[in-house]
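Take the given structure of chain A and dock chain B to it, following the hints.
Sequence lines, in order, name chains A and B. Under the numbering used here, the first residue of the first sequence carries the number 1, and numbering increases by one thereafter. Under the numbering used here, the first residue of the second sequence carries the number 1, and numbering increases by one thereafter.
Keep in mind the hints are simulated off the structure, nothing from the lab. Treat the numbers as computed from the prediction; the structure is a model and nothing was measured. Beta carbons are placed, not taken as given, at the ideal position from N, Cα and C, and that holds for glycine. Some clues are possibly wrong.
To be verified - Reference excerpt, derived from the structure (chain B facing chain A, CB under 10 Å, subset only):
no., residue
1, Arg67
2, Val70
3, Val71
4, Leu75
Stated by the list, open to error - Pulled a few chain B residues facing chain A out of the computed Cβ check, cut under 7 Å:
no., residue
5, Ala14
6, Val40
7, Val53
8, Glu54
9, Gly83
10, Pro85
Unchecked claim - Simulated restraints on C-beta separations:
no., chain 1, residue 1, chain 2, residue 2, range
11, B, Asp78, A, Ala336, 21 to 27 Å
12, A, Ala397, B, Pro61, 25 to 31 Å
13, A, Glu287, B, Pro55, 36 to 42 Å
14, A, Ser321, B, Ala63, 15 to 21 Å
15, A, Ala397, B, Asp78, 51 to 57 Å
16, A, Arg255, B, Asp78, 48 to 54 Å
17, A, Leu429, B, Ala63, 31 to 37 Å
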Amino acid sequence: MSDLIRLTASEIADRLATGDVTSVEVTQAHLDRIEAVDDQVHAFLHVGRDSALATAADVDARRAAGEQLPTLAGVPVAVKDLINTTDQPTTAGSRILEGWRPPYDATVVARLRAAGLPILGKTNLDEFAMGSSNEHSAYGPTRNPWDTDRIPGGSSGGSAAAVAAHEAPLALGTDTGGSIRQPGAMTGIVGVKPTYGGVSRYGVVAMASSLDQVGPMGRSVLDAALLHEVVAGHDPMDSTSIDAPVPAVVEAARRGDVQGLRVGVVRELGGEGFQPGVRAAFDRAVELLAQAGAEVVEVSCPSFEHGIAAYYLVMPSEVSSNLARFDAMRYGLRVAPEGLTDPSAEQVMAASRDAGFGDEVKRRIVLGTYALSSGYYDAYYGSAQKVRTLVARDFAAAFEQVDVLVSPTAPTTAWRLGEKSDDPLAMYLEDVCTIPANLAGVPGLNLPVGLADDTGLPVGVQFLAPAQADDRLYNAAAALERLVDAPQLSADALEGAR
Amino acid sequence: MSSALSREDVAHLANLARISLSEDELDRLGAELPAILDHVAAVQGVVDAAGDVEPMSHPVPVANVFREDVVRPGLTPDEALSGAPASEEQRFLVPKILGEE
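The following block holds chain A by itself, in its conformation from the complex (with noise of 0.2 Å):
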């Protein structure tokens, strides 16, 4: 197995600059992994070769022949399938958009596109981004190259086992309440929720309009900063989308100094119902944090208790709304109603919904459509955005005593399959520590700090800032990120097992 892919991806620009190695290898090494294990982990649902090798190819000429070339531009990527691509299938996991090329580009792509990043291919996720666990895919569960029996977390499991197991370098996955900060965690790689707005979301498979958000992953620190610098920015195609100067994130990700800074753990989202490994690693880092010279305190945000209650009103109220658009009229799976000579419109849309989306999907949207509906309005989806108002005032109070926040990414290490698939709530209370993230519109980071003393799996802590002040969770993480050992996927972990 060539040792390129053990890069991370800013040593791969550093190599592209110097050329010593090209684009087309790189491709080529990581198409290779791919080819080579991912028969047992199952990230992607489609591999993009011959149009990735040509990016490489491209932009390998452009540097022969002298261009300056933005600093990712030939570092391999993959792409959540939520995400449009003109060139490459897009299905949101979901057979309802089984094999559908979108007839454009989402803007985070053209912004790849632009920066010569090879799409090496679309990564799998639960349906519609709906699930913890990446196994409510219509296309079969992705498994965590940690332990291949485990879920590697969701909804951008796929972006995260891909990363994890050194099949790309990079991925952009999306978050709308914890699905690119929890793979992280379960995976063992940096992933980032930034603010809400501050990356546009055009083109991208709507769930949650109010909380959805697409962010960058990677095996380190910078390697996230640099791919989040390259997709974030205003966009007058998203009318959600931040008109502001994109945070220094890069800046602050090669800084990495905590000295003097107010770090708040939540008392909240920790204690009891957290694994002890996880409560153990989540003390070590903060300790940690206080040597290199953080002011540590505790700080309390009593309403992050109800996020998961508000969550799971707010978001199915939204995907009742955002899946309506999946008619069996304009594009999709259209399916005719068994039983019936001349269908009607309605007979065919309800037959092809009911055949296209997956169980979690049905449920959310029943959920969404009950808590939407006349009677219920006020006591359902109206108190679950005044208990947002709540969430958003302790974050405020927060951030006036404290620079950032931290708290365990997730309660628990990446669980069996099947473990959760027969309770969904059990999986809802999953995202108790990243929920209260997507409700305020803050940014937040997983930062992988080791392996869990009891199971032996990556463990995650979270950093949490104000709007627009991504760049403090950079520089937090990466002053951790040097004091602790990054779990690494050994190189033949995979490939033993063949």
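Quick look at chain B alone, frame taken from chain A:
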């Protein structure tokens, strides 16, 4: 508020959402949703205890984002129809939409 949800309620909601759920699916959702609703219904107590709180619909306080009213390139008819299950004469071809009860 009671979060009891009957099987008939689930069937009604599925109809509103235009999903023709099977009998098995109605049974399963009818069994699962009450536990989820019991959990999320906690927001009502939280709000009652908090007093007067403004609802938050969106994390970014922006409204009415306009662009210049000028013609610019969009999808061609072929591109727009490229994913259609059926099309004819540059239009989406759909099953009958009139004559329903």
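Numbers of the earlier hints that this structure fails to satisfy, in rising order: 2, 3 and 12
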